[in-house]
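J.: Okay, here's what each chain looks like letter by letter:
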Amino acid sequence: MTEPVLRVRDLKTYFVSEGGGTARAVDGVSFDLYPGETLGLVGESGCGKTVTSLSLLRLVPEPPGHIRPGSLIELEGRNLLTLSPRDLRAVRGNRLAMIFQEPMSALNPVLTVGDQIGEGAIVHQGLSRRAARARAMEMLQLVGIPDPELRIDDYPHQLSGGMRQRVMIAMALVCHPQVLIADEPTTALDVTIQAQILELLDRLQRELGMAIMLITHDLGVVAGTADRVLVMYAGQVVEGGSTPDLFHRPVHPYTEGLLASVPRLDQPRERLTGIPGTVPAASAWPTGCRFHPRCPHAWERCRTDEPPLVEIAPGHSARCWLVEEPGRRRPGASGVTR
Amino acid sequence: MTPALVEVEGLVKHYPGERLWWGLGPPRHLIRAVEGVSFRIGAGRTLGLVGESGSGKSTVARTLLRLTEPTAGRFLLEREDVFRLAPEPLRRLRRRMQIVFQDPYSSLNPRMTVRDTLREPLEIHRLAAGAERDARVAALLQEVGLDPALAAAYPHELSGGQRQRVGIARALSVQPAFLVCDEPVSALDVSVQAQVLNLLADLQQRRGLTYLFIAHDLAVVRHIADDVAVMYLGRIVEQASAAATYERPRHPYTRALLSAAPVPDPAAQRQRQVLTGDVPSPANPPPGCPFHPRCPHPMKNDRCRTDRPALREVEPGHAAACHFAEHA
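In order, the protein sequence lines correspond to chains A and B. Numbering follows my numbering, with no gaps: position 207 of the first sequence is 207. Numbering follows my numbering, with no gaps: position 18 of the second sequence is 18.
Hints were generated in silico from the structure; no laboratory data involved. By construction, the Cβ of each residue, glycine as well, lies at the ideal position given by its N, Cα and C atoms. Take the hints with a grain of salt, since some may be wrong.
Stated by the list, open to error - Covered stretches of chain B, going by a simulated chain A footprint (3 or more residues, C-beta under 8 Å):
| no. | region |
| --- | --- |
| 1 | 153 to 165 |
| 2 | 195 to 204 |
| 3 | 215 to 224 |
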């Protein structure tokens, strides 16, 4: 069995508000990321998926945020949470890189794309400016930007949204990281451009062998790209498994509800089931199972006792009391006809 | 032909582009946002208008409501010529047509409570006053699935889905016949999106509303639309019933859109057809067929580079703007 390249154990990232309340944005997340795989992290806004990704790079602003003692983020055997700022800088953008949702705000508007792409190679690999420019040119070619010799001196505003996202990918990959965190990399893009970027990430992963953590709200994007999927709700992982398991044999009512909410091109048009209610606030997670106020199956136990994340089949786990008491399931209530 | 509730013919909207001489001179070129769009929507039906950013779909919405003035074209709403109305009759007609915006965060006044937001149109159109007005506000909130107690809340106290319900209630307050929904669910989470789509479908049924439903998401449009028009660079390139559009798309752009849309099923290993290149700028559209630089059609030839294909009926009720629409 290969060793995971990234191990996360019991990650807790809390934010203290001015009023003294604590928002438990990420509340005990654990997972392994293996070399060369794509792990999808799915959830709706407020579930903690972006704070998880920012925590992995230690980019959570402190204060108001902090990662709780007892959390572990281990990259290639080194605990990132105990690294000095200097050692951390040597890891970020080098072994572990990130691409963000909004390429316009993540790129520096007053530097040319060539300078921005080359910067990582100068900082981490000690390349000269001339060598960094040559590397930036290679990267532009690699990410499929036409006429790279012209584009290398462009500023971000001169590029389209899709091209900017390619530039950001080039920037992230310039040092050939082992792990790429992609936070909603295609959400701001049109569907035809999204398809181009997803295909690009897939090709680059095969060529460079990196592991990708793909964070998205779009179940369609995950189904088409991820090997394994984690579903987050209210700061916790509520279900995890291989992509086929998760889409064809979901166990957690939240996963079922998400799947029943998506309008689909591949199935007959019928009324969507949706999930009643809204995601609770991170400062006031419900007691017991955090999904119970929106769950169609919930009973007494769900209101008082918090279910653990348990393995129900090899590689497939869920955080739900229905695992212990399947008889409580109300048939058809989650809107799943499978 | 029976008169439709909504008839749009030859709608054109050009914006002046970047100006010469430090912004003081004449525009360098026109942004051709909408270039001759025509459609009809029967009473109680939904037309889905689909396209990517820059296709002109939101400009269509804004010109129909005269939130921005059209350059040319005609729009009949219940046989009234909207584009030729003077300000006062236009204000009166606004009761008959309303819009729901994409972003429920920026389309509600942050300093007005939900009650004030819903009262305002009733006051402007003098539809109700006093206790009756408050009863209407409560009924509207209930109709869109909100607790009437939320009337005292400010927008920042509401979730995105709740705000969008307020936006819908505001549009419905004046009892319109025609509702333009401009990306009404694209800013919402998927579970909330489903709730709002269901709400829109219920309201249509209950009130007999006619929708122009604008979206970039083909699956969402398929879910709600009876007919579909696909826009590319300011023009409709395909127009048909929803069933025909999704089952037998005739335009290569529609086919590419469908093929690129992600499907939440890992077993659906489709032969994804990835278009190369970006959407060209509407300030400088390509000659000939506007889609030809990205078109993957195997029969693409010199004609596509010089002759712009007209939107023509390929089979009854199914129009496409492609020289090779028969060879789909």
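J.: If a hint holds in the structure, say so; if it doesn't, say that too.
T.: Hint check:
no.	hint	verdict
1	153 to 165	holds (count 4)
2	195 to 204	holds (count 4)
3	215 to 224	holds (count 7)
When held up to the earlier numbered hints, the structure conflicts with none and fits them all.
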